[in-house]
Amino acid sequence: MEMPSFEVFNETVDQLLGTLKYIKFHELIFKIIAKTLELLGRFIGRIFANKSAAGATSMSAKIILGIILITVIMIVIILILFFIIRKRHKRKIRSILGEKINKDSTVITFLDKSKVYEEKGEYRQAVRLRFVAILFFLHQGHFLYHDSTMTGKEMVAKLKKDKFTGVHEFERITQRFNTIWYGMTEIEEAEFKIWCEEENFLWQGVKK
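Residue numbers (my numbering): 45 to 252.
Calculated directly from the structure, the hints in this document are not laboratory data. We put the beta carbon where it would ideally sit given N, CA and C, even for glycine. There could be a bad hint or two in this list.
DSS-like mimics (lysine-lysine), calculated; alpha carbons at most 27 Å apart, straight line [claimed, not checked]:
id: 1; residue 1: K157; residue 2: K147
id: 2; residue 1: K144; residue 2: K197
id: 3; residue 1: K144; residue 2: K75
id: 4; residue 1: K75; residue 2: K204
id: 5; residue 1: K144; residue 2: K157
id: 6; residue 1: K159; residue 2: K147
id: 7; residue 1: K159; residue 2: K144
id: 8; residue 1: K205; residue 2: K79
id: 9; residue 1: K202; residue 2: K144
id: 10; residue 1: K79; residue 2: K159
id: 11; residue 1: K197; residue 2: K237
id: 12; residue 1: K79; residue 2: K237
id: 13; residue 1: K205; residue 2: K75
id: 14; residue 1: K144; residue 2: K164
id: 15; residue 1: K207; residue 2: K157
id: 16; residue 1: K75; residue 2: K159
id: 17; residue 1: K79; residue 2: K164
id: 18; residue 1: K79; residue 2: K202
id: 19; residue 1: K202; residue 2: K75
id: 20; residue 1: K207; residue 2: K197
id: 21; residue 1: K147; residue 2: K75
id: 22; residue 1: K207; residue 2: K79
Just the calculated beta-carbon pair ranges, DEER-fashion [to be verified]:
id: 23; residue 1: L125; residue 2: I238; range: 24 to 30 Å
id: 24; residue 1: M118; residue 2: F245; range: 41 to 47 Å
id: 25; residue 1: T195; residue 2: V160; range: 27 to 33 Å
id: 26; residue 1: E143; residue 2: T195; range: 15 to 21 Å
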């Protein structure tokens, strides 16, 4: 399988970040708000159903407005809670596999660092930085908040539970990373290219 150029790879990652960064987060908020509105509709429907036609038409507008106001307040509280939780998670991350994370960190910065090691022939370090880029992408995209205490199996289990589209590719990448990095295994260029090919399958799986 022919590897794409580094520039094409960077462009693909940028596209993924742009389209996927907040999808999961927004979908969850939408579902909760939709459910709240659905329950509101049912509640109002029951009120009208329990009244006579005359009673329904004479119902005080203040009651309806009060219900709507309470619902709006509930939705605002839900949104505030989600943003607080999201901000809290973002503050937690300080480093990934020894790489410091700051406000200027991006997926591309880690890939650029990996490229430097690749050019030196230090492929094991290059693999580490590419895996850091993957974990950082998952964190930024709200797919998997980084926790240094989580094992590879726990990360895979969490992604499976959340039905992440690239979970099988991520599982293979994680297993290969553990073998290379924690097994203290130095690798040659050919094996590094195999890693990159499997990594490309992960990005393609996420993009679907």
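Here is how each hint holds up against the structure:
| no. | hint | in the structure |
| --- | --- | --- |
| 1 | K157 x K147 | holds, 17 Å |
| 2 | K144 x K197 | holds, 23 Å |
| 3 | K144 x K75 | violated, 35 Å |
| 4 | K75 x K204 | holds, 20 Å |
| 5 | K144 x K157 | holds, 13 Å |
| 6 | K159 x K147 | holds, 21 Å |
| 7 | K159 x K144 | holds, 18 Å |
| 8 | K205 x K79 | holds, 22 Å |
| 9 | K202 x K144 | holds, 24 Å |
| 10 | K79 x K159 | violated, 47 Å |
| 11 | K197 x K237 | holds, 24 Å |
| 12 | K79 x K237 | violated, 47 Å |
| 13 | K205 x K75 | holds, 18 Å |
| 14 | K144 x K164 | holds, 22 Å |
| 15 | K207 x K157 | violated, 31 Å |
| 16 | K75 x K159 | violated, 41 Å |
| 17 | K79 x K164 | violated, 55 Å |
| 18 | K79 x K202 | holds, 25 Å |
| 19 | K202 x K75 | holds, 20 Å |
| 20 | K207 x K197 | holds, 15 Å |
| 21 | K147 x K75 | violated, 30 Å |
| 22 | K207 x K79 | holds, 21 Å |
| 23 | L125 x I238: 24 to 30 Å | violated, 44 Å |
| 24 | M118 x F245: 41 to 47 Å | holds, 43 Å |
| 25 | T195 x V160: 27 to 33 Å | holds, 29 Å |
| 26 | E143 x T195: 15 to 21 Å | holds, 19 Å |
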